[in-house]
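Respectively, the protein sequence lines represent chains A and B. Per numbering that gives the first Met the number 0: the first sequence = residues 0 to 639. Per numbering that gives the first Met the number 0: the second sequence = residues 0 to 390.
Simulated from the structure, these hints should not be mistaken for laboratory data. It cannot be assumed that every hint is accurate.
What the hints assert, rightly or not - Now the in silico label distances, taken between C-beta atoms and shown as ranges:
| id | chain 1 | residue 1 | chain 2 | residue 2 | range |
| --- | --- | --- | --- | --- | --- |
| 1 | A | T98 | B | N139 | 29 to 39 Å |
| 2 | A | L42 | B | A54 | 23 to 33 Å |
| 3 | A | L42 | B | A343 | 36 to 46 Å |
| 4 | A | G31 | B | A13 | 25 to 35 Å |
| 5 | B | V47 | A | R56 | 28 to 38 Å |
| 6 | B | G167 | A | R634 | 46 to 56 Å |
| 7 | B | A150 | A | K582 | 39 to 49 Å |
| 8 | A | N136 | B | M383 | 44 to 54 Å |
| 9 | B | G167 | A | R56 | 50 to 60 Å |
| 10 | A | D38 | B | A54 | 31 to 41 Å |
All values derive from a computational prediction rather than experimental measurement. For glycine and all other residues, C-beta sits at the position ideal for the given N, C-alpha and C.
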Amino acid sequence: MSTELPETPKRAPSSQQGQSVAVAENPSAIGGTVSISIDGQALKVPLGTTILDAARRIGITIPTLCHHPDLCVAGVCRICSVEVEGQRTLQAACAYPVTSPIKVLTHTRKVRMARRHIVDLLLSDHYGHCYACGRNNNCELQALAKEYGVDFFRFGHPEKPMHEIDLSSYSVVRDNNKCVLCRRCVRTCIDVQDVGTIEVLGRGRTSHVATFLDKPLGSVVCINCGQCINRCPTGALRANDPTDEVWEAIHDPKKHVVIQTAPSPRAAIGECFGQPAGTALTFELNTALRMCGFDQVFDTNFSADLTIMEEGTELLLRLKKALADGEPAAFPQFTSCSPGWVKYLEHFYPEYIPNLSTAKSPQQMFGAVIKTYYAQKQGIDPRDIVTVALMPCSAKKFECNRPEMDDSGYKDVDYGLTTRELAKMISETGIDLPRLAKSDFDAPFGTATGSGVIFGATGGVMEAALRTVIELVVGVKVEDLFEHADIKPVRGFEGVKYAELPIPKVGPVPALLAPLFPSWDFLKGAILKVAVAHGTANAKAVMEDIKRGGPFSQCHFIEFMGCPGGCLGGGGQPIPTSPEIRKARAGAIYAEDSAYAVRKSHENPDVLKIYDEFLTEGPCGHRSHKLLHTHYTERGRYIE
Amino acid sequence: MSSLPTYTEQIPEAGLRAAMGMDRPGIISAIGASGLKGRGGAGFPTGVKWNFAAAAQADQKFVICNADEGEPGTFKDRVILQEHADLVFEGMTIAGKAIGAHEGILFLRGEYAYLRGHLEAALAGRRDRNLLGRGILGSNLDFDIRIFMGAGAYICGEETALIEALEGFRGEPRNRPPFPVNTGFMGRPSIVNNVETLAWAACILGNGPEWFRSHGTEKSTGRKIFSVSGDCARPGVYEFPMGLTVAELLREVGGEDAKAAQIGGAAGQCVPAKDFKRSIAFEDIPTGGSVIVLGPQRDMLDVLHNFLEFFVDESCGQCAPCRLGTTKLLEGLDMLRKGTCSMAYLKELCSLGETMQVASKCGLGQSSPNAFLSVVANFREELMGRIPTHA
Ligand SMILES: Cc1cc2nc3c(=O)[nH]c(=O)nc-3n(C[C@H](O)[C@H](O)[C@H](O)COP(=O)(O)O)c2cc1C
Ligand code: SF4
Ligand code: SF4
Ligand code: SF4
Ligand code: SF4
Ligand code: FES
């Protein structure tokens, strides 16, 4: 069976795609390379390479602003202008494919003047003060101003705001006063995410990045993924920041402030402290959080493992219904841990809500558990508990504010903090994170597991689920089937992955699941078909295939993550992002997985304990259903 | 109102019939030999353009007629479409044969919607006469033409923005390269030609390249249709040979006392009286055909204000030099008019104008400072009086 998906055409206006000439795939073929001279240095590059990439190969820096390694060419800021011999006008290095021998000069008088004018022009339209801006010291416009020696505002500088700040979304704040119209957000939202929340509206000086009819972001179709934030070069986009409230809670002696930390932030927060991407600071972070004043530091891996138990059981129940009882069941089952993906589905494929696992995301499960089980155990009034979640994600802020997320009787998770926001809190405390001593997570949710950690990377939820299903159903060690329990077919950054897992034999039903399943016989000889997609553009390709009745409609279980690369590429992660950076973060995550003693959700002792002490009916039991499962909203594409 | 006199001397469809008897390279070399250059403003050699598109390999190709005519002071395409629509369609059909296209699209300016019925009728008539459709005139040429309505943006006259609009996107210029002759409408090789260019192409096939070359100059062959407006006795549409001087043109239209002529529309240059002996030709003062006569009583800053406002409104807003640069020039002009623009800032603005000419993404931004720069260069006295003396 072929699981090749047809290439979905990019929806970004082709002017923004640069109508790029494809880079020659086989440079060694005749005519596959072309000679070029840049500032007098000669080199050969594959046909179709841009001047920008060619220059980078030989260490020549050409400034960019609208260019981004994740996005198609735009060629709109013109800061990368260079001189090409024989051409009257300057050419945008990022958008100019070399197809014939050319001579390029990157810093002539004309070029320097042009770049300076462009920076000056951008500043003349930019209302903002760097010292009062979240992107201070991490802003591409600010960096350009420095690089081009801007020491006064040649063409003026706005003295008052020109646009209202849009605070309507729980997740994303838009401040068009700081927007330089590079359109990176637009290309992200259309091409990477295939949502299309934002576009440029108006012409000339009135053109601005806008939502549908300029409505507030909170009331249009936006999945809160924050991918636009990660690619914005300036402070025009940021996440809705609750750090002040979190500080207030910490400083309130009556409050018991508990933080859970997701796997991805640990693999990335070092980037905010000058560390190279891929530096894991899991245990240093625990120390820092305690120094900041959090009362307890828990590992979201606990609830990730809990999710696997609940979601995995749900899958087995669906399989039983279909295979043993001959009743209809909604297949494929979709994962539900990514709130960006969940909202995407609610908007664009509401008819598939029955396919979404009813299991809450790890963040929300944890919140509900803390305000019930933990509160009882510790004898703390849940009213006094403040739950904070450190997440790589801006959509988690929306998720914790969903009205139905109060099954504990209180708001299950009070605040979602992004990696960037926590880095700011740590800096405020004067802590130099990378140099801290290591310390462990707190009990009773302190056992770090590999299965939980890999939730941070695309394919991780699937791998964790498969590790558990194989052992619980087939009754063999995962290691017997996959070396070192690494299920490689579902790993990696390919947009959509597909794998089949035959179940030639079945084992005995473990005690935990015995009330639900008399035996596994119905699975004997079955072939479990699974798929993984990350970034909603890829999710869309899979969903369209399912709608067509294509190969993906035959899957049993599909992991969908809203963000490219999975959570490690989330909208709350450190800026900048690029394929290399995400790869490095994934490296850190998989290294951590390998290093843990417990690497399977069903072996997490804290998870086993909660089923023993609190969720006594086992996975998908009555109490689980009340606290750990949820329901969804058919949103459609309508706008309030 | 003048018309295309050469057309009345033509036998209808003579060009098309001649083209039917020629092979594709033959048609292209006839156009090449005539020296015809684009009448839309940029003056790109039409034969070269057709040849590129003919050489490109693709499953589909397109002939696009640019009837977006949005340049201020230009209205000759409207008259051509009104009075000689068949000649334009004939030119498109010939181009279709030359490059190997089966589909032609006329991109009609939104404001010209009232011409649509007339044009559709002309197309229907051509289909009835087997001048369009399958097996044209008994040959194996299949070609048809449809009309696409523009929505009223000047920038959609720029060929790549036009193609974007045709594809249903915001009308915004694309990066080049690649060029439309390779990657045009729907990613297929496409030629975009001005209405007048296509009409001349039909005439050239009918009368031969030598006939065309017998007018005009060495580098700017043939005749050209002009839209003349402004402070003159006889505004209207004229046909002149290329290469005539500004003074000659002004004499014909009754604008001898002009202090300046804006040639090439808002994007063109402002030619002062002392330069009226210069000629209108691609090698000297290029034009898409717009001549706006500026009488002695005109305040050049008012004229400029008018043009710059136009660009501020019509810039697509895509690229920084144009979106923000046009605004800065307009603000600077307002400062000049109020007497608050210092000499130093004026110099800064001129330097900005030079940047816009080279760093803007498309022809709009590249030409929008032209008028500003030529007024500053040529009407210094008029400006100097308005610059604060202490500055
Ligand atoms: C801003 C802008 C507006 C333009 N508007 C027109 C137009 O209205 N009509 C036209 O024929 N060409 C227009 N052009 C020129 C076209 O881009 C293109 O060069 C022309 O259609 C090519 O045809 P030609 O070679 O037959 O002149 C415009 C160019 C620019 C930059
Ligand atoms: S967006 Fe950048 S340039 Fe603007 S205020 Fe913030 S840091 Fe400064
Ligand atoms: S948060 Fe995601 S969906 Fe919303 S505008 Fe940004 S990229 Fe688009
Ligand atoms: S909001 Fe940011 S990414 Fe979007 S156009 Fe403005 S500056 Fe660029
Ligand atoms: S030069 Fe002006 S019209 Fe052309 S692409 Fe840039 S902003 Fe748009
Ligand atoms: S970086 Fe090349 S045009 Fe913006």
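Quiz prompt | Numbers of the earlier hints that this structure fails to satisfy, in rising order | solution = 4, 6 and 9
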